[in-house]
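Novice: Residue numbers (the numbering used here), protein chains in the order written: chain A, 1 to 192; chain B, 1 to 161.
It is worth saying that the hints were derived from the structure and are not from the lab. There are no misleading hints in this set.
Stretch by stretch, here's where chain A covers chain B in the computed footprint (C-beta under 8 Å, at least three residues):
1) 48-55
2) 106-118
3) 127-141
Interface residues of chain B toward chain A, partial, derived using beta-carbon atoms under 7 Å:
4) T78
5) D79
6) D80
7) I161
Quick reminder that beta carbons are idealized off the backbone N, C-alpha and C, glycines included.
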Amino acid sequence: MNEQDTRSLLEIADDELILGWRDSEWTGIAPLLEEDVAFSSIAQNEIGHARALYELVAREQGTTADELAFDRAPDEYRCSTLVERRFLDWEKTIARHYLYEEADAKRLEELKQSGDAEVAGLAAKIDREEAYHRIHAQMWFDRLKDEPRFTAALDELRPLLDAGREEHSAELAELWEEMTMVRRSQPAGTRW
Amino acid sequence: MVTAEQVWAALAEIPDPEIPVISVVDLGVIRDVGVENGTVRVDFTPTFLGCPALEVMRDTMAERIRALGAEPVINVRTDDSWSTDRITPEGREKLRESGFAPPSPRAASGPTLVQLQSTASRCPYCGSTDTRLENIFGPTPCRSLRYCVNCRQPFEQFKTI
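So here's chain A without its partners, still in its complex pose (with noise of 0.2 Å):
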């Protein structure tokens, strides 16, 4: 695997698991009982992608994959920024997951034709289980595309998809406290 391959792998992981961590959030609260459902399995969906993603990079620099997702500073975690807010609001949340989803898509295309046998392997297993989140995606696009509040937080939000991935939001450094919080306060190497 070659170093363009490596970063693009952890860039691609961290926005997952970022937003699962996002998505996680909607569990219990969600304004209709079927998107409960739905974002707590595409939260859990974009963790498991993570996960293997992180487990390819793991192996090529000798660390683990709980390591390179929870050991990092905030400001070392290559995703996007447009996964790093916290939303309270369905218009943005919808926003976001299309625009990612749209996004994310193109990228496993690319990932896909990689000479790297392993790699085109599991991004096409990643596109596999995507399709579903794409689908959802777009049924809630349908169904909002006509709404001020949607499109005008598409256009609050499109601009994030191209901005640097060295910046990150103060809401990243909020998240990391609590998704490191347990792990930080047990010695290195608990198992559970």
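Chain B: place on chain A using the hints.
Specialist: Using the frame of chain A, we list chain B on its own:
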């Protein structure tokens, strides 16, 4: 000396932790078994990458192989080689009997909303095809929720992957 047949037979006794009516062999997730010098290698593919049953399956397989007197090596293959098309006919029947609609065949182009909303899915309780999609997502990543208009019974369907 343990044989591959004995290993397959032992694996066929391991239930899916989340849908225990079906075994890991019925599920088609065991891709290969290799036996060499007292070591048993099992290649297996998770259904969904975020499936929490993955560790349980892996540990149980290792345990059963040790019980046969061999050293297990479990390789998790995270590639696209598994599909719900690999669920055996027996596995599909077991799913249906316990109230899960088996997955539709995998299409080359992947799933579409139109296809998911189509009435082709048969209710595992009454056999009617007058069913509708309630939610693409369900209690586990591998299941969707549907509703049978004929017998007014909600049911779960294994997602096509």
